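Student: Take a look at the letters that make up each chain.
Number of protein chains: 2
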Amino acid sequence: MLTEERYAAILKILAEKKAVTVLELTKALQTSESTVRRDLTALHRSGRLYKVYGGATTIDNNYSNAEEDMQTKWDLHPEEKVVIGRKAAELITGEDFVYIDAGSTTLHLIDFLTDNGATFVTNGMQHAVSLLAKGIKVFIIGGAVKAVTEAVVGTEALKSLENYNFTKGFFGTNGISPKSGFSTPDADEGAVKSEAMARCKSAFVLADSSKFNKISPITFAGISSATIITGRLEDKKYRDYTTVLEGE
Amino acid sequence: MLTEERYAAILKILAEKKAVTVLELTKALQTSESTVRRDLTALHRSGRLYKVYGGATTIDNNYSNAEEDMQTKWDLHPEEKVVIGRKAAELITGEDFVYIDAGSTTLHLIDFLTDNGATFVTNGMQHAVSLLAKGIKVFIIGGAVKAVTEAVVGTEALKSLENYNFTKGFFGTNGISPKSGFSTPDADEGAVKSEAMARCKSAFVLADSSKFNKISPITFAGISSATIITGRLEDKKYRDYTTVLEGE
DNA sequence: TCATAAATAATCAAAAATAATCAAAATTAA
DNA sequence: TTAATTTTGATTATTTTTGATTATTTATGA
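Protein sequences appear in the order of chains G and L.
All residue numbers for the first sequence refer to our numbering, where the first residue is 24 and numbers rise by one.
All residue numbers for the second sequence refer to our numbering, where the first residue is 24 and numbers rise by one.
Everything labelled a hint here was simulated from the structure, so no lab data went into it.
Everything numeric in this text was worked out from a predicted model, so none of it was measured.
Heads up, some of the hints might be wrong.
Same chains, same label: a pair holds when it works inside one copy or across any pair of copies.
What the hints assert, rightly or not - Taking lysine to aspartate or glutamate and the EDC-like style, the derived pairs with C-alpha atoms no more than 20 Å apart in a straight line are: (1) Lys74 to Glu28; (2) Lys182 to Asp263; (3) Lys74 to Glu269; (4) Lys40 to Glu28; (5) Lys157 to Glu27; (6) Lys74 to Glu27; (7) Lys224 to Glu39; (8) Lys260 to Glu113; (9) Lys160 to Asp119; (10) Lys157 to Glu28; (11) Lys260 to Glu27; (12) Lys160 to Asp211; (13) Lys110 to Glu27; (14) Lys160 to Asp134; (15) Lys202 to Glu118; (16) Lys50 to Asp263; (17) Lys237 to Asp134; (18) Lys160 to Asp209; (19) Lys237 to Glu257; (20) Lys157 to Asp138; (21) Lys224 to Glu56; (22) Lys157 to Glu118; (23) Lys191 to Glu47.
My request is simple: use the sequences and hints to build the entire structure.
Tutor: In structure tokens:
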């Protein structure tokens, strides 16, 4: 069996099950743990799956670049994403200088944009390409490109951000809680979010209802430092901590 | 059986199965391993399949969500670009810190790269994504993203380049002439090429035969400032001006 | 917190695949 | 036809991949 065929087999199993253990793969592929681990490492490095302790998961949890993965994400909270994206897009005027954070939620925002003269800066490769495709002026920040998310991160990225002062910024998040604020699983991406948000006159966090009362390892901003844009706010207590915009 | 018939048979089998092993081909073609390997090498070199350990896969199978804009350029001189790309890739060692200029020619170079430890910096969005897909460490420079070519340009890009000192750099060009050197139609892209090349210990310009004795509006480097990598040098006089490497 | 179990990374020898070499067979040119 | 050239397949040396072993790291529960 060719290496590429084994890769394909792993990805196929993963697509069906969403998560798989090393042991399951050794049985399915009739090969050793070493080989499975090496394969997972390679696939993780090229951003085609997410390696976790014990096995691997699909990318969908955080960000994603593959189209199938994006499709599954769409199905998760489709109406809400549309509502959030449209609501956020309404806020952008022709005079704005806008930062768009990498991640799937902000990618949906781009769908509702038209070229009204605003200029955009982003750390997401996909985002830059999508904005370009709409004929919108876009800058990308420089730095190391992360495999899984295709987001630009690292010290270069932070330094690159120093050149900009945004009127508005739109961010994704993995968790929101009153005490831990906005949080994300990845330290590098968290650092970029943090720096970018500090350079925005107004910051907006786009979050569907599943993100509330969740905490991820890295807090990148306090709860009061950004306006939350969501579909329908279920937990009203968040209005005590910051502004919340509800779509539709 | 004619060599070309064998080539065709291999490609036909491959088109159906997407991946084949050397052993399968020896049985299907009733020939020796040596011959199959030689055929695969030849087909790989001419870019008609992708040779992997154990056999071969189709080209498209791998990754590549190639864009339409780039796609049109691809077909211009495909075989020669493949030869040039391979030649260029051979020059990169694990210790190198490499700049890859945006453009279709340098995109071919990436096809022949494997992760040998070298680090890459590029101003091409597609190039960054392709390198990522191979699990190779990659940085992107910051700045304005140009619509048609998806290249990063402008003053930000020039400033971003100041952070780097490359051991090797690979560039595309639109024209080469003894007097006007290497030239390109776009001023912004020319400025980035010029700055990036100045920061390379060794610079290489990848050029198919159609580029010689042509002049574009903006000269970005003198003829002697880079080694030319081409398929087959038709106009020998260029050897008087700079080093020329010929593929094959 | 610490000890224990589980998972992973690192290492290395064996196995598999490949590249290099070379003589025989087939093809082409003279 | 013979001589020269190319192609082929066998042999070998080299490289890559694999799986077992060991050391290290991470998670879990007392």
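Student: List in ascending order the numbers of the hints, as given earlier, that are violated by the structure.
Tutor: 2, 3, 7, 8, 11, 13, 15, 16, 17, 21, 23
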